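2 protein chains.
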Amino acid sequence: MALIVQKYGGSSVGNLDRIHHVANKILQTKQQGHDVIVVVSAMYGETDRLIQLAHALTQHPDPRELDILISTGEQVSMALLAMALNAKQCPARSFTGLQLGIHTDNVHTKARILEVKTDVIQRELNQGRIIIVAGFQGRNEHGDITTLGRGGSDTTAVAIAIAVRAQECQIYTDVDGVYTTDPHLIPQARLLPQISFEEMLEMASLGAKVLQMRSVELASKHSMPIRVLSTFSEGQGTLVTFEDKIVDKRLVSGIAFSREEAVISLSGIPRQVGIEGRILGKVSEAHIEIDMIAQNATAQNTVDFTFTVHRREFPKALKIVEELAKELGAVSVKTNAKVAKLSLVGIGMRSHTGVASTMFQSLGEAGIPIQMITTSEIKISVVVDEAHLEKGAKAIHQAFELDKSPQPLAKVMIE
Amino acid sequence: MALIVQKYGGSSVGNLDRIHHVANKILQTKQQGHDVIVVVSAMYGETDRLIQLAHALTQHPDPRELDILISTGEQVSMALLAMALNAKQCPARSFTGLQLGIHTDNVHTKARILEVKTDVIQRELNQGRIIIVAGFQGRNEHGDITTLGRGGSDTTAVAIAIAVRAQECQIYTDVDGVYTTDPHLIPQARLLPQISFEEMLEMASLGAKVLQMRSVELASKHSMPIRVLSTFSEGQGTLVTFEDKIVDKRLVSGIAFSREEAVISLSGIPRQVGIEGRILGKVSEAHIEIDMIAQNATAQNTVDFTFTVHRREFPKALKIVEELAKELGAVSVKTNAKVAKLSLVGIGMRSHTGVASTMFQSLGEAGIPIQMITTSEIKISVVVDEAHLEKGAKAIHQAFELDKSPQPLAKVMIE
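Protein sequence lines correspond, in order, to chains W and L.
In my numbering, each residue's number is its place in the first sequence (first place is 1) plus 2.
In my numbering, each residue's number is its place in the second sequence (first place is 1) plus 2.
Since the hints were made in silico from the structure, they are not lab data.
Possibly wrong hints are sitting among the right ones.
[What the hints assert, rightly or not] Cut-off 30 Å, straight-line C-alpha distance, at most; resulting in silico cross-link-like pairs (DSBU-like, lysine-lysine):
hint	chain 1	residue 1	chain 2	residue 2
1	L	284	L	321
2	L	340	L	211
3	W	284	W	321
4	W	340	W	211
5	W	406	W	211
6	W	112	L	90
7	L	119	W	119
8	W	90	L	112
9	W	393	W	406
[What the hints assert, rightly or not] Chain W is faced by these chain L residues, among others (derived, beta-carbon under 7 Å):
hint	residue
10	67
11	81
12	82
13	96
Here the structure is a predicted model, which is why all the values come from computation and not from measurement.
Idealized CB from N, CA, C, for every residue including glycine.
Take the sequences, apply the hints, and build the full model.
Written as structure tokens, this is what we have:
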């Protein structure tokens, strides 16, 4: 008998049939002898509907009031789920973030959780009840309703799991778990039974939208295992846990990618201390988020500076850079507004050389030019033409045999 | 400069244009130098939508969860209204019943207000802000959300007005105020500038659905004047206040009616002490609400007992009465399932005789048979065939010259 936190996303509670289905899943867990705390998102589409309503009313809705408005989404789904459970003779009670005591800072629409009170949870668990909690929302020090921003329900679930020392935090979604890459793009993609927090963070930040990044960071910091599962099919899903708990160690875990990128290059900038700061400073002032940065200093007296931005920000960023190029005396500004980023992620690459070369060779053999490269400890990212994204991902996936279960070499050696 | 509570009903905030219109009305009041607390209902149709959702999910939704669900209706409208005001540079903040501290008993879906905390209101008023409060809802001693039942927003408004000692409680609706009778039925119906609490209670309980009865009772008990106004047209509406503050005293104020009634008569019951209690006891046990009761004892040894129920309850009530008739040895059971009740209301009839006779004569002249009569201190009710309802109401309306402004006789006499 364990204490388990389960989170069900918007598509999992998207209609009344699905709410009954989720109630049955919760009931199953309860009947296995576990105590269950459930975090629930708004019914699919509801948060968007409410935001649109606010924006149809006024261009800049007051953030405090916007939070009050959109927090009703989870309040509806949590009450319906609790009703479904009670109707199945399974005592359940629902609580808003304010009622449960999910304390956040004061930043409306993007609040961060500071503390989760456990007295209500303890009281209800003692009564043998299932606790349903509204995800995505909390209260600030003034007793006002706050929301955590997109995907915030994952963070609510992890924060509660940490506060009550749950055995694990199960995130139910509409996918089976975390794959080696997007199965929609590469049918050979394989479900990962386990992945480390670090890899998951890299995957999440690179566009694999299974889990919200902040929730993975939080879980990692407090050693809370997360299991990603499908609401609609059986299976063990993917356990996100610590590196040392991963059984089937692999060189690389997966390939993440993001489309909608644009690359801007300033070349032949006369060398000068602090140039990089000047360039990024100007772009940041315009509230443009920069993703990758690479700097080459091939020539003796000049440097080349390249970075990527979201394609939406490209025209704005280009204008700034063109002005900067004149100021700095750069030779040219080169751009490509139709690129994508491909990233290979794996904790194994820390201790193994040759990962980068295998990756670049596989792209080369597939005839795909690499436009930019950046690396971090457990990740190698390349920028390629968006048209080459699928072909490139396939080539890398095959080169690292990600479609095959890893050989249990380490295990054999230990025995 | 005064402190005013305004309540806007569901049709007043039924869409985004109307919410802007309501915001402008509030702004006007503020610009006249008043402090304003606004109570708002759910957008028109929303509460019904939520209740239907719950019943589509499960036959008997848990009452605690049902309250959580339906309370989102006002949470949406209050946030939108506060946004509209803030967008017009009029600082406003919205609060749920739970946040404001509207304490109720524990009866979910039909809670009664026990206390209204004023600390949040005071803090916000001190900051010069408009306060928007969710009507219809509160919190119980456990911190759970409760709702007050249909029309509960009126009661919320009156309770807050009493707690903050407001100058008056303005109830904005989709009608201009209280009429002498339903203007849809009788075009000659006249708007009453004033009406006493007692008359309003009789009118409300008799089917004139302008104000919720409980709110009138509460206002009467705590001497809080209520003004009924239209959201959609200008005008002074109707002030519901104490008898001694009414300027244009009249014999009768108005005619209320209710359709969907059914009458059941037991005649020739052998006299016996306690018969009435036995009959009503049996009917009440079946949770059937009895409206009018009349008993005649014309014959020496037998009595006739007549009562009305809602037409929906008629078949159930009839079955019980037919069994009772055998037990009690009654001669016959007579019924009419298609009757309506017409009631003449007026504080003036206390001190004036002849009101009843004028009423009965006017019905007689119109050729309408009276099937049952009951009277109270300020009301005379008759049961007639539903087919005669309109004709009867017209006849009485004319007989008492309700379409004309009252002659200020009393005033002249005093001067």
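Outcome of the hint check:
{"no.": "1", "hint": "284/L - 321/L", "result": "holds, 11 Å"}
{"no.": "2", "hint": "340/L - 211/L", "result": "holds, 21 Å"}
{"no.": "3", "hint": "284/W - 321/W", "result": "holds, 11 Å"}
{"no.": "4", "hint": "340/W - 211/W", "result": "holds, 21 Å"}
{"no.": "5", "hint": "406/W - 211/W", "result": "holds, 23 Å"}
{"no.": "6", "hint": "112/W - 90/L", "result": "holds, 24 Å"}
{"no.": "7", "hint": "119/L - 119/W", "result": "holds, 24 Å"}
{"no.": "8", "hint": "90/W - 112/L", "result": "holds, 24 Å"}
{"no.": "9", "hint": "393/W - 406/W", "result": "holds, 19 Å"}
{"no.": "10", "hint": "67", "result": "holds, 4 Å"}
{"no.": "11", "hint": "81", "result": "holds, 4 Å"}
{"no.": "12", "hint": "82", "result": "holds, 6 Å"}
{"no.": "13", "hint": "96", "result": "holds, 6 Å"}
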